[in-house]
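Chemist: As a plain string of letters, each chain reads:
4 protein chains.
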Amino acid sequence: MANSKYEYVKNFEQPDLLIPNTWIVVRIDGRGFHKFSNKYAFEKPNDRRALDLMNAAAMAVMNELPDIVIAYGISDEYSFVFHKTCALFERRSSKLVTTIVSTFTAYYVHLWSTHFPDLPLTAPLPSFDGRAVQYPSVHNLRDYMSWRQVDSHINNLYNTTFWALIQLGGFDAKSAEKELAGSLSAGKNEILFSRFKINYNNEPEIYKKGSVVFRDYEMVEPGTALEILDEDSAKTVEGIALSKTQEEKDKKRRAKARITIQHVDIIKDEFWERRPWLLSNKPGKIPKEP
Amino acid sequence: MANSKYEYVKNFEQPDLLIPNTWIVVRIDGRGFHKFSNKYAFEKPNDRRALDLMNAAAMAVMNELPDIVIAYGISDEYSFVFHKTCALFERRSSKLVTTIVSTFTAYYVHLWSTHFPDLPLTAPLPSFDGRAVQYPSVHNLRDYMSWRQVDSHINNLYNTTFWALIQLGGFDAKSAEKELAGSLSAGKNEILFSRFKINYNNEPEIYKKGSVVFRDYEMVEPGTALEILDEDSAKTVEGIALSKTQEEKDKKRRAKARITIQHVDIIKDEFWERRPWLLSNKPGKIPKEP
Amino acid sequence: MANSKYEYVKNFEQPDLLIPNTWIVVRIDGRGFHKFSNKYAFEKPNDRRALDLMNAAAMAVMNELPDIVIAYGISDEYSFVFHKTCALFERRSSKLVTTIVSTFTAYYVHLWSTHFPDLPLTAPLPSFDGRAVQYPSVHNLRDYMSWRQVDSHINNLYNTTFWALIQLGGFDAKSAEKELAGSLSAGKNEILFSRFKINYNNEPEIYKKGSVVFRDYEMVEPGTALEILDEDSAKTVEGIALSKTQEEKDKKRRAKARITIQHVDIIKDEFWERRPWLLSNKPGKIPKEP
Amino acid sequence: MANSKYEYVKNFEQPDLLIPNTWIVVRIDGRGFHKFSNKYAFEKPNDRRALDLMNAAAMAVMNELPDIVIAYGISDEYSFVFHKTCALFERRSSKLVTTIVSTFTAYYVHLWSTHFPDLPLTAPLPSFDGRAVQYPSVHNLRDYMSWRQVDSHINNLYNTTFWALIQLGGFDAKSAEKELAGSLSAGKNEILFSRFKINYNNEPEIYKKGSVVFRDYEMVEPGTALEILDEDSAKTVEGIALSKTQEEKDKKRRAKARITIQHVDIIKDEFWERRPWLLSNKPGKIPKEP
Numbered sequence: 001m002a003n004s005k006y007e008y009v010k011n012f013e014q015p016d017l018l019i020p021n022t023w024i025v026v027r028i029d030g031r032g033f034h035k036f037s038n039k040y041a042f043e044k045p046n047d048r049r050a051l052d053l054m055n056a057a058a059m060a061v062m063n064e065l066p067d068i069v070i071a072y073g074i075s076d077e078y079s080f081v082f083h084k085t086c087a088l089f090e091r092r093s094s095k096l097v098t099t100i101v102s103t104f105t106a107y108y109v110h111l112w113s114t115h116f117p118d119l120p121l122t123a124p125l126p127s128f129d130g131r132a133v134q135y136p137s138v139h140n141l142r143d144y145m146s147w148r149q150v151d152s153h154i155n156n157l158y159n160t161t162f163w164a165l166i167q168l169g170g171f172d173a174k175s176a177e178k179e180l181a182g183s184l185s186a187g188k189n190e191i192l193f194s195r196f197k198i199n200y201n202n203e204p205e206i207y208k209k210g211s212v213v214f215r216d217y218e219m220v221e222p223g224t225a226l227e228i229l230d231e232d233s234a235k236t237v238e239g240i241a242l243s244k245t246q247e248e249k250d251k252k253r254r255a256k257a258r259i260t261i262q263h264v265d266i267i268k269d270e271f272w273e274r275r276p277w278l279l280s281n282k283p284g285k286i287p288k289e290p
Numbered sequence: 001m002a003n004s005k006y007e008y009v010k011n012f013e014q015p016d017l018l019i020p021n022t023w024i025v026v027r028i029d030g031r032g033f034h035k036f037s038n039k040y041a042f043e044k045p046n047d048r049r050a051l052d053l054m055n056a057a058a059m060a061v062m063n064e065l066p067d068i069v070i071a072y073g074i075s076d077e078y079s080f081v082f083h084k085t086c087a088l089f090e091r092r093s094s095k096l097v098t099t100i101v102s103t104f105t106a107y108y109v110h111l112w113s114t115h116f117p118d119l120p121l122t123a124p125l126p127s128f129d130g131r132a133v134q135y136p137s138v139h140n141l142r143d144y145m146s147w148r149q150v151d152s153h154i155n156n157l158y159n160t161t162f163w164a165l166i167q168l169g170g171f172d173a174k175s176a177e178k179e180l181a182g183s184l185s186a187g188k189n190e191i192l193f194s195r196f197k198i199n200y201n202n203e204p205e206i207y208k209k210g211s212v213v214f215r216d217y218e219m220v221e222p223g224t225a226l227e228i229l230d231e232d233s234a235k236t237v238e239g240i241a242l243s244k245t246q247e248e249k250d251k252k253r254r255a256k257a258r259i260t261i262q263h264v265d266i267i268k269d270e271f272w273e274r275r276p277w278l279l280s281n282k283p284g285k286i287p288k289e290p
Numbered sequence: 001m002a003n004s005k006y007e008y009v010k011n012f013e014q015p016d017l018l019i020p021n022t023w024i025v026v027r028i029d030g031r032g033f034h035k036f037s038n039k040y041a042f043e044k045p046n047d048r049r050a051l052d053l054m055n056a057a058a059m060a061v062m063n064e065l066p067d068i069v070i071a072y073g074i075s076d077e078y079s080f081v082f083h084k085t086c087a088l089f090e091r092r093s094s095k096l097v098t099t100i101v102s103t104f105t106a107y108y109v110h111l112w113s114t115h116f117p118d119l120p121l122t123a124p125l126p127s128f129d130g131r132a133v134q135y136p137s138v139h140n141l142r143d144y145m146s147w148r149q150v151d152s153h154i155n156n157l158y159n160t161t162f163w164a165l166i167q168l169g170g171f172d173a174k175s176a177e178k179e180l181a182g183s184l185s186a187g188k189n190e191i192l193f194s195r196f197k198i199n200y201n202n203e204p205e206i207y208k209k210g211s212v213v214f215r216d217y218e219m220v221e222p223g224t225a226l227e228i229l230d231e232d233s234a235k236t237v238e239g240i241a242l243s244k245t246q247e248e249k250d251k252k253r254r255a256k257a258r259i260t261i262q263h264v265d266i267i268k269d270e271f272w273e274r275r276p277w278l279l280s281n282k283p284g285k286i287p288k289e290p
Numbered sequence: 001m002a003n004s005k006y007e008y009v010k011n012f013e014q015p016d017l018l019i020p021n022t023w024i025v026v027r028i029d030g031r032g033f034h035k036f037s038n039k040y041a042f043e044k045p046n047d048r049r050a051l052d053l054m055n056a057a058a059m060a061v062m063n064e065l066p067d068i069v070i071a072y073g074i075s076d077e078y079s080f081v082f083h084k085t086c087a088l089f090e091r092r093s094s095k096l097v098t099t100i101v102s103t104f105t106a107y108y109v110h111l112w113s114t115h116f117p118d119l120p121l122t123a124p125l126p127s128f129d130g131r132a133v134q135y136p137s138v139h140n141l142r143d144y145m146s147w148r149q150v151d152s153h154i155n156n157l158y159n160t161t162f163w164a165l166i167q168l169g170g171f172d173a174k175s176a177e178k179e180l181a182g183s184l185s186a187g188k189n190e191i192l193f194s195r196f197k198i199n200y201n202n203e204p205e206i207y208k209k210g211s212v213v214f215r216d217y218e219m220v221e222p223g224t225a226l227e228i229l230d231e232d233s234a235k236t237v238e239g240i241a242l243s244k245t246q247e248e249k250d251k252k253r254r255a256k257a258r259i260t261i262q263h264v265d266i267i268k269d270e271f272w273e274r275r276p277w278l279l280s281n282k283p284g285k286i287p288k289e290p
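Residue numbers (the UniProt record's numbering), protein chains in the order written: chain A, 1 to 290; chain B, 1 to 290; chain C, 1 to 290; chain D, 1 to 290.
Take these hints with a grain of salt, some might be off.
Which copy is meant is left open, because identical chains are indistinguishable; a pair holds if it fits in one copy or across any two.
[Claimed, not checked] Derived pair list, reagent style PhoX-like, types lysine-lysine, alpha-carbon separation capped at 25 Å: (1) K10 <-> K95; (2) K178 <-> K188; (3) K244 <-> K268; (4) K10 <-> K244; (5) K285 <-> K252; (6) K39 <-> K95; (7) K174 <-> K39; (8) K282 <-> K244.
Hints are computed from structural coordinates only; laboratory data are not their basis.
Turn these sequences into a full structure, and let the hints guide you.
Modeler: Spelled out as structure tokens, the structure:
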């Protein structure tokens, strides 16, 4: 029985290729996580178990998709960055996005019981949506990463103060909100310190900085690595592709690299200068075991 | 600390709205399920537990997303159909697709242990990719559904014969493939019957027809329902929207409806004529309990 | 000298195919025509020469692109409709739009001296921009056409009254605008009649109705033609294409048909029912010469 | 009379914004120019009048659209480059493309009689189609430009030899084609020289190099200008926009600059290094009159 009579319906599928030589960021967000976090009584302002679960799922995604060079997570969102030379799935947008969303969700649900052993997951289950965005230059990409980390800081300072007012200061939600309306960063730091003896600087880095996930190689001294200009790496795009041998070598070294999670500043140049492999996509040196 | 310096990066997000008044089909596919089915030793040609798990996940998706009017599943793929009047997520393509992919994955992983109690899931976990396609007319939509069901039939007849040759006929994979090369449907039916006394018609409907998921109301006699022309239902698009009261009523009736899974022909007119609510998106009559 | 080193740049071209089985409307608009109409002292509220030139250019476009079934023009804009079965340029959006814009512009500039013999065209020259929009159903398409004709009416009634106040009533632009602010249709009719003895109904149809361009065949009695359902004509999409012989016949009959410009109501059903070839895309009967 | 009943049709218009911070190339091509060039008996292999007309139209386009930084033309095609910081028409693709196509066509038709005084233009008139392509880096953009210039060279060498065989060697088209099949550049040079005493190097530059159009400022010594990295000019994208005063100054200087057409190598670095304003989009120094 031939299927030709109906096969014309395939023509309605529209291509959704991303432009070559752009950095691809796939950001995913928890769907309805406000309600979800209430259902499982997440600790406020930060639930360490929930963050660890997010990070574990993100590490699994990076492990299954070696084309991702770096990921950054805060709260119930995670951004995954594909190098601009990435050719995975021919750069088909929906394929890239759904693969990440699905893999992340699978591990989130699967690892739930490890992080919340006493709270069995019940329907409706947690889920995530996602989208892809293209950034033409390293500059734009780094500004994207900075945007997320600044947002993380703003939200965490607010939430820390808000919940201190409630948990330690006896405010209800409404009056806490009112108290904070229009206050600046300095004001919130002041509230925390003067009223509750909390020094915001001493809060755990994971809450203040979010989580940065990447393959770990030996760091270099700033200034010693060849500068990574857009122009340089564009070469792979123009056909001076890596030799097969080199590609195989890179692949092996990448597979050997440990995926690490750190809670560090990614806004300043230093983070990127000391880890040139992130932007060059050339694997670094595997660090010696101590 | 204002975030305005970096916020410009939001401008790189591109809109991906689907066109109004088109039927939206989101099809998802298991990623690397050939390997995955070997890992868990799925029964061949069909593993009932695996199909039941797919169906359970699909029902959960329909339950969480009332905008889906019908879904159709075969093997490791599922198609979900949004009515052409659907306004969910402003019809943003990536939002619709990732929500379905993520919800489906969550239930697939979560319900795994119910359907495979003796086979604990281990990394790499199952995952799905997906894409959205738009169909302008009922005609195109029904041809899409027919395309999937015909494909289902072709594949299942092939697989049933292929595995009979191996499991009952002592062929190895290569020679079984050779035996079937170029054979027509009739030929495969003949092989099954003459060599293995298998009457393909007696195979379970779930294998032959795939699985159709929809909200169940009282069926009508063909010809008694008002015909559903594209023109008619377009009215909701042009602003003659349902009254709020009517919308509320519809919503309640829809919520009361039982979601059913059936293994029936969706190519012929009868299926659609007896269930006018599928194309009209007007909930039918809740069937009386027997 | 091989060009392969640079040819990779072709990969940055992104496909822009319109969805099959949708009606394609290409609307073009004069760029900066307010200034342009002042430069050549167009008569207000309507300059017959300018409209005739627009119409002549539109007829030339229809003549060169037989895939266009109907066009509608008002003021400095024109909408061209491709039948939903149109396969011209593989339905590439930019190709369809630029071909229409360029052909229209070429005739507009070339025919200028015929319509404005005493006003030589000088730089900056007139130009047009354009865009394509897809409509899934006949209903949506007809609503689009109605939208433009209603707009035409609203604008023309306003302009007629506005310029009467200025040319006959001695108002300046500002006070005329003020006089009309918030007035309804009836109010404007009243102003025209009571102050200036102008009966708007007696204004020329070309100003009140705009211009409709199409191939002219013998009209049919409403009700005698087979109703054109979306479903019917979708058949060409699903592969039951016309036979080559039939296609050749249609092409010849279409080439013989006279392209006509009329200034009639296209909102009511009658226009479409009496000219079934517009929506069916099956050429009608060539009218006998009188 | 309100138009609200039909206005919903505007929702079918889909956004087509190009990504920020990419170089936009709009390439236009003559439609059916093979036939067109026969109709007006263009000289072979190159008709100087036709090229001058193309160039005159391109200069007019650049004059009306100051956002274009450079254009490159060969035969019946022209590429126009918008700087990556361009914000014209909010970077709407169809608006950018149709404006260029329409303006070019207008001047081509209008200036025809200047370049072909004895050959009045008749229907069907010349027309052009066009499309926009985005290039993320300077590297990609320059490769695009190189691609076109290499293509120009390949085609012109072929055509020069092909027409020499016909016009001077008495070949017919078929045998000339056969003679050239598979020949390399050197072979064609050899044919030209040994058979017809034509030294290809002495052919006019306009035929060998194509035409480069840009605003002319004082050239700088290579190495003296600040290097234009992608990173640098990205600054305007991230909000460190030029001050209003600076913008006004730039605009004035740009308006003063003479638009020039040159037939030079744009593949080597020198062209770009000596004209840093092309990539920086900062107007240079107006050259003193001699």
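Chemist: Look at each hint and say if it fits the structure.
Modeler: Evaluation of the provided hints:
{"no.": "1", "hint": "K10 <-> K95", "verdict": "both (17 Å within a copy, 22 Å between copies)"}
{"no.": "2", "hint": "K178 <-> K188", "verdict": "within (13 Å within a copy, 53 Å between copies)"}
{"no.": "3", "hint": "K244 <-> K268", "verdict": "neither (35 Å within a copy, 30 Å between copies)"}
{"no.": "4", "hint": "K10 <-> K244", "verdict": "between (35 Å within a copy, 24 Å between copies)"}
{"no.": "5", "hint": "K285 <-> K252", "verdict": "within (12 Å within a copy, 53 Å between copies)"}
{"no.": "6", "hint": "K39 <-> K95", "verdict": "between (32 Å within a copy, 24 Å between copies)"}
{"no.": "7", "hint": "K174 <-> K39", "verdict": "within (21 Å within a copy, 54 Å between copies)"}
{"no.": "8", "hint": "K282 <-> K244", "verdict": "within (14 Å within a copy, 42 Å between copies)"}
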